[in-house]
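Chain order of the listed sequences is B and P.
The numbering of the first sequence is our numbering, which starts it at 363 and goes up by one.
The numbering of the second sequence is our numbering, which starts it at 363 and goes up by one.
Honestly, the hints are just simulated from the structure, not real lab data.
Don't take each hint at face value.
Remember, identical chains collapse to one label, so a pair may be satisfied in a single copy or spanning two.
Only pairs whose alpha carbons sit at most 27 Å apart, straight line, appear in this in silico DSSO-like list of lysine-lysine [unchecked claim]: (1) 824 to 804; (2) 824 to 373; (3) 418 to 402; (4) 373 to 697; (5) 792 to 373; (6) 628 to 402; (7) 620 to 792; (8) 679 to 824; (9) 792 to 679; (10) 628 to 813; (11) 804 to 418; (12) 373 to 804; (13) 402 to 813; (14) 792 to 418; (15) 679 to 813.
Number of protein chains: 2
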Amino acid sequence: MMNNLLSSIEKIVGSPGVLLGEDVTSRSDSWPPTGGCQAKAIIRPASTREVSEVLKLCHTAGQSVVTHGGLTGLVGGARAAEDDIVLSLERMHGMEPVDVINRTVTVEAGVPLQRVHEAAEDVDLLFPLDLGARGSCTIGGNIATNAGGNSVIRYGMIREQVLGVEAVLADGTIISSLNGVIKNNTGYDLKQLFIGSEGTLGIVTRAVLRLRPLPRSCNTALVAIEEFEQVASFLRDMDSALGGTLSAFEVMWNDFYKTIVGDGSKHGTPLSPDQTFYVLVESTGGHEDSDKALFESALEEAFETGLIVDAVIAQSKQQREDLWAIRDDIEGLTKTLFPAIVFDISLGIPQMDGYVNEVRAQMTERWPDSRMVTFGHLGDGNIHLVVTVGSYDPSEVQGVEAIVYEALGQRQGVISAEHGIGLDKRAYLKHSRSEDEIALMKTLKQVLDPKNILNPGKIFAKPEGTQS
Amino acid sequence: MMNNLLSSIEKIVGSPGVLLGEDVTSRSDSWPPTGGCQAKAIIRPASTREVSEVLKLCHTAGQSVVTHGGLTGLVGGARAAEDDIVLSLERMHGMEPVDVINRTVTVEAGVPLQRVHEAAEDVDLLFPLDLGARGSCTIGGNIATNAGGNSVIRYGMIREQVLGVEAVLADGTIISSLNGVIKNNTGYDLKQLFIGSEGTLGIVTRAVLRLRPLPRSCNTALVAIEEFEQVASFLRDMDSALGGTLSAFEVMWNDFYKTIVGDGSKHGTPLSPDQTFYVLVESTGGHEDSDKALFESALEEAFETGLIVDAVIAQSKQQREDLWAIRDDIEGLTKTLFPAIVFDISLGIPQMDGYVNEVRAQMTERWPDSRMVTFGHLGDGNIHLVVTVGSYDPSEVQGVEAIVYEALGQRQGVISAEHGIGLDKRAYLKHSRSEDEIALMKTLKQVLDPKNILNPGKIFAKPEGTQS
């Protein structure tokens, strides 16, 4: 049975645009997918105009709207309650041809990231944003969450890959800023409002993406290092020696490396597991021979100055993939550390080693049998902690979170480097943001979405007097 | 004589913090400096706390405030009227030591750009923002105007070099987001509000800047090209072949080149002046020998495929500077084209040639003796037009502006690539922004500065019913 609002919406989006009943509950709204979306309907507009018309109705009715992209977020940002409707952009997957001269492509929000990769590569270009969910996640979701991923050290977050955004405000107003130029100082840069605001300030419907040259070379090595200070020096030296071609600098603490490699592991033991740190370092450039020579001479220099104690250089595409498989074996990791609690944090490199040691000591003190492994995009100041205390009991999980976030807040660290806040981290936002910052965020939310209909309760709780 | 407000302000900033009378009128508020600042006082706070206290008083009193940095802006953004007070950040020039591990530096807003360059270079690092005004312009002004300059093709605008900002809102609230990490998805990225908003949404008082490795090599060439399409292909090929080290791609149309070089010119004639386009191309990297080889082989490839017809490669630092002196001889240019009207626009590369030709044709039709030269950072989609019609008569200037901006608006171009809007371009904002975009900008302004005290009348006119 449809109520009046849903009937009016159906007139806009047509009957393929409205899903009800089992078509809703059989879907998921979180990752890993579990089924059981609670929303009263899933609305699937086919154009920006339809999104606008639907939002106008919802705004008038005070109807809350949770926007769905590829549903690969990790912080509950897409979770919907019984009184929400879901607005899915899955039918908006149009893509203009790549503009090879301007090196841009204009896409609708529902286009999966991988389709952009493929379209760019077809014309020898690169869309540098890359993450594990590439086949499912959508450009709209990537923008709404300011996605990071594997190439940030070289190219930055998606914020730096987006030249223009079209978004619909809560009241249906279409803000279309699709110039697609790199330099645009004509008043406030409105697209910044929508990037990373997790669907709470507007719904991104289209974007102009910046493309880069497709690299012609790739050089990869795994190295072992004794001291944290040497890791930081090695990062600085490689970045300097490689002259702009450093494309990955992934650090694994010994606790990570030892968990993944070794006798019986599918990964073997490319370097002996008795060093303190392991770094996967990679460069991509324009010329196969000279880039290889430069990469190898930079590594040799690091040997000679004593920064690294051991190294293996990939000699083939297969060897490269084998090295990356160690860093990417999150499945193996979370199996060994079941039940795992995963953190995605940023802090200054000078604070990092002391921070990790303090957190580990506090964990061990409270849970003598706990385990913690550490790894991450050190070049971006971003590390992941995976912790297990043998239980998912909420009070235990909160105990772990308190240790991790409090030590972080003391060091001006941030509780979410790339995953966002959503529902799951909003209680901890105060460790990374001052009261005045949070108040200003709420002011922006209030003025752009006065009826609080866009993804309400995400990032911060609904205002008092409304349902939380 | 001081009124009550100024007396109260003096209690906060002390007597060195208040300038009156001739100390005000002998100063300038525009560039080139002309003297004659009209403001009723210049207030010079010494700390963020003092800025906050002063703004609290001004907010209560409804007193308008024009913030001054290095006064090198080109759009009248710092101009003050008789009923304004000026808030100059010249006494806030503190700078923390460079953090060489994190590769960041925290500075107060009044620090001149060049001091940041020097501090970074002392420890083998680079702050990549660079522009002609480097000795005078300040980091606060750079951030408030989202400065671009010479290195945008490689490193982006200052927006991409700023990791954290401290700013004071109109009511005195201090928003301090100085984490200094690259990845920070903890709620809305508030610093984006202040970057490029020309002092209308808050006053930037401090920032954490991101530093990069200091390049170890630099290769520079001037090349000649016959067709515009070949210029675009040459950009794409060089960017690809140089694998991330392309650091400048400055294009001069024949009309520019012929005006600057030739018999009797101090620049001589490094390449014959009968080609259609001249490109100054540069790469900076990590290794002197291999970067030189790569640069030369990329140029050879361009010769072989017929993209370029002539080239000269700088063989010394002096030769490099001589080539740049051609591109940078804006003084020589504006002397020849006196009285000059200068434009700073962006548009898609595919539209660029047709646009320039259309504007030139319209100019010639209306002013048969007019002259126009074209050049710019083509790699960023940003070109400059310098036009003379023999007069600075306002109706003539407006006639030129109408031709330039209307043809631009039709192509989704932007009327200000890097200089901003200020006072001088606000009448043309509508050519680059829709009514809904401008309305949203005004909404942000209204909520962040409800009494319209921060740089009123800049970007858009004051609301009706107030002084414009």
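- Item | Alpha-carbon proximity between residue 824 and residue 804, which holds within one copy, between copies, both or neither at 27 Å | both (10 Å within a copy, 26 Å between copies)
- Taking 27 Å as the upper bound on the Cα-Cα distance, should residue 679 and residue 813 be classified as within, between, both, or neither? Result: close neither inside a copy nor across copies, 53 Å intra and 62 Å inter.
- Item | Same-copy or cross-copy closeness of residue 679 to residue 824 [CA-CA at most 27 Å] | Neither: 50 Å inside a chain and 61 Å across chains, both beyond 27 Å.
- Can you give me the call for residue 628 and residue 813, within, between, both or neither, at a CA distance of at most 27 Å? neither (54 Å within a copy, 66 Å between copies)
- Indicate which option fits the pair residue 620, residue 792 if close means a Cα-Cα distance not exceeding 27 Å: within, between, both or neither. neither (35 Å within a copy, 60 Å between copies)
- At most 27 Å between C-alpha atoms: does residue 628 with residue 402 qualify within a copy, between copies, both, or neither? Answer is neither; intra-copy 46 Å and inter-copy 75 Å both fail.
- Query: How would you label the pair residue 418, residue 402 (within, between, both, or neither) given a Cα cut-off of 27 Å?
  - Reply: Result: close within a single copy only, 18 Å intra versus 48 Å inter.
- Query: Is it within, between, both or neither when you check residue 804 against residue 418 at 27 Å Cα-Cα?
  - Reply: both (22 Å within a copy, 21 Å between copies)
- Task: Using 27 Å as the alpha carbon limit, work out where residue 824 and residue 373 are close: within a copy, between copies, both or neither.
- Result: neither (31 Å within a copy, 42 Å between copies)
- Query: Taking 27 Å as the upper bound on the Cα-Cα distance, should residue 792 and residue 418 be classified as within, between, both, or neither?
  - Reply: Close across copies (25 Å), not inside one copy (33 Å); limit 27 Å.
- Message: As a check of your reading, is residue 373 near residue 804 (CA-CA no more than 27 Å) within one copy, between copies, both or neither?
- Response: neither (34 Å within a copy, 34 Å between copies)
- Message: Within, between, both or neither: how does the pair residue 373, residue 697 come out at a Cα-Cα threshold of 27 Å?
- Response: Answer is neither: 48 Å inside a copy and 64 Å across each miss the 27 Å cutoff.
Going down the numbered hints, you'll see the structure goes against 2, 4, 5, 6, 7, 8, 9, 10, 12, 15, while the others check out.
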